[in-house]
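Trainee: Read top to bottom, the protein sequences are chains G and P.
Just so it is clear: in the first sequence, position 79 is 79 by my numbering, and no numbers are missing.
Just so it is clear: in the second sequence, position 47 is 1047 by my numbering, and no numbers are missing.
Note that these hints are calculated values from the structure, not bench results.
All C-beta atoms in this analysis are idealised placements derived from N, C-alpha and C, irrespective of residue type, glycine included.
Be aware that one or more of the hints could be misleading.
Claimed, not checked - Per label pair, the in silico range of CB-to-CB distance:
hint	chain 1	residue 1	chain 2	residue 2	range
1	P	L1075	G	R235	27 to 35 Å
2	P	L1121	G	T13	49 to 57 Å
3	P	L1007	G	H133	45 to 53 Å
4	G	Q77	P	G1071	26 to 34 Å
5	P	S1167	G	F301	26 to 34 Å
6	G	A166	P	S1008	56 to 64 Å
7	G	H133	P	S1167	55 to 63 Å
8	G	Q77	P	S1008	28 to 36 Å
9	P	L1007	G	L20	26 to 34 Å
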Amino acid sequence: MSNTPYFSIQQLTKSFRKTLAASDVWLDIQQGERLSLLGPSGCGKSTVLKLIAGILRPDRGEIFLANRLLNRVPPEQREIALVLQKGLLFPHLNVGENVAFGLKMRGISRAEQETRALAMLEQVQLGGFAHRHPSELSGGQAQRVALARALVIQPKVLLLDEPLSALDASLRSDMQTLILQLQKETGVTMVIVTHDQSEAVVMSDRIALMFDGCLRQVDTPEVLYQQPCDQTVARFFGGVNFFSAEAQQHQLSLPGGDTLITDYPQQGTVDVTIRPERIHVLAEAICSTNLLPVKVVQNRFTGTQRHLVLKTPDRLELQAWVPPSQDFAIGQSVFAHLPADALWSFSPDSQLVSTLPQTV
Amino acid sequence: MTRNITLSLIVIVLFLPFSPLLLWSVADGWYFPQLIPDQWTLANWSAILTASTKVGEGFLQSLVIAALSTGLALLVGLPAGRALGLLDFPGKGAIKILLLLPIMVSPLATLMGIQFILIRLGLSGTMLGVVLVHLLPTIPYMTLVLSSVYANFDTGYEAQARTLGASPIQVLWQVTLPLIAPGVVVGALFAFLISWNEFLLTFFVGSGRVFTLPMVLFTSLQGGNTGVTAAIAITSILPALIFLLFSSQALSDDSAIGGLGDV
């Protein structure tokens, strides 16, 4: 095994007229890895995907796949398959012909085309659909055919561009399971573009978070949730609690004078965040550290949780998500326990960290 | 029921103007105040089948010229229509107007100049010359039809085909052309019929040596034999009818227009 990564994107840059769609994107991806490109719409993630597929040409930067520079390789020779949001099944071909399309283009014999296409359709649970016309398929079925059409050519990398965003919620989770299962069976390296952080978390080993054409943080879902590199990242992953504090030797001094203890050493003025589900709300002070006396100002029942808004005497607002069994009256005085290992801080002026990829 | 009545009315309105032609072609004399002729004959029809009326020869020449100008117009119209329909570039509006000019300006204004050039090139009075001059009205129509076809074409299909392993040539034959086929049929139909019915351009540039069906019809009209003229006129409508039937079938096939969005 060499040390060079299987699939590597270096310095990738692309602009349309004056707008920078992708700026200095670096990514190293392992063979068989599932990586999500996550970001709000218009952040350039689809552009990166099209650059990888070869549909667009980069202004600058290199793409390497299995030690081969892909920049001058036309899309049909890259061994990278792409599935788009709309599925784009060829309307003049039936389902079987659609799946066999890539094989036909490669000049594979008709008999083998048929066997492989039928086997692939079987794998996406659409055996017996070969003679249907694309217009006779539901949205989910069409996406499964598109997936089969991409996988049948045995690509080295499978690119998925928001493949599930047109489907309704229940269908989406079935498709996620199917995609994960197929990825496991084939061992294909997968890059999936999505704007839905929950989808990215479910679908990938690592998430590359992108804003305004730049990668902001590339890490496992757990790290992005618990240890975001800045406020934007934290907010994108549903972070709601932010307050500034003075940090000194494992201690955080809040403006009101309260002191919190962390196990994260940092100095100076920092932004502190804690995920709402990590805050414990206690009716009585049963421990002594990291405890803030608060008043309940809002209590919203969501079915699976209660979303509480808590206020300290110094008007610091905290949101806490607690189990539905923990019911508190508005105005009730309670205690918020902020576990030391759940507190995360970053300097408020932290520049965009162009996180270099880490191995999984 | 009402649908059948409407349909019959449409057929009657469409074909009524042709009924005198049909009657004339089989009438052995038809004089006022007879409502329909009282004596019938097939002599006019057998006359146009003989070589002396040149109907067969004209039909063949018209067919070759129309097919060639349609093919050439397609060759120009496909890339031009794609550029106008899909791309944005400076001067696009000007090019569209330039394209419409041959339709807007009467050919009479340009024919002298064209004829002068064709004579110098030795193309006047040749079939090639006539084909070239027929491109004048056919290319604009073809390009306009195809540019609106391409404007509704999703190039995502082409990108998708490329990533699946199709070379640019394979994409053209296996994806793009099948998807825009209905539009191509409409454009080709337009071009073919325009060329088929073209009189003035053929008359000048053909200089009497290229003898298409409209030339035969014109000559026969001047000759004053109403029966034969009617039979020739009906013959000259035939391709249009055949084409219409053929294309309406091709166009009603839903699968063919899938790539064209909401056209």
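Trainee: All hints, please: hold or fail.
Mentor: Results of checking the hints against the structure:
no.: 1; hint: P:L1075 <-> G:R235: 27 to 35 Å; in the structure: violated (57 Å)
no.: 2; hint: P:L1121 <-> G:T13: 49 to 57 Å; in the structure: holds (53 Å)
no.: 3; hint: P:L1007 <-> G:H133: 45 to 53 Å; in the structure: violated (29 Å)
no.: 4; hint: G:Q77 <-> P:G1071: 26 to 34 Å; in the structure: holds (33 Å)
no.: 5; hint: P:S1167 <-> G:F301: 26 to 34 Å; in the structure: violated (59 Å)
no.: 6; hint: G:A166 <-> P:S1008: 56 to 64 Å; in the structure: violated (46 Å)
no.: 7; hint: G:H133 <-> P:S1167: 55 to 63 Å; in the structure: violated (26 Å)
no.: 8; hint: G:Q77 <-> P:S1008: 28 to 36 Å; in the structure: violated (60 Å)
no.: 9; hint: P:L1007 <-> G:L20: 26 to 34 Å; in the structure: violated (60 Å)
Violation of the numbered hints given earlier is confined to hints 1, 3, 5, 6, 7, 8, 9; the remaining hints are satisfied by the structure.
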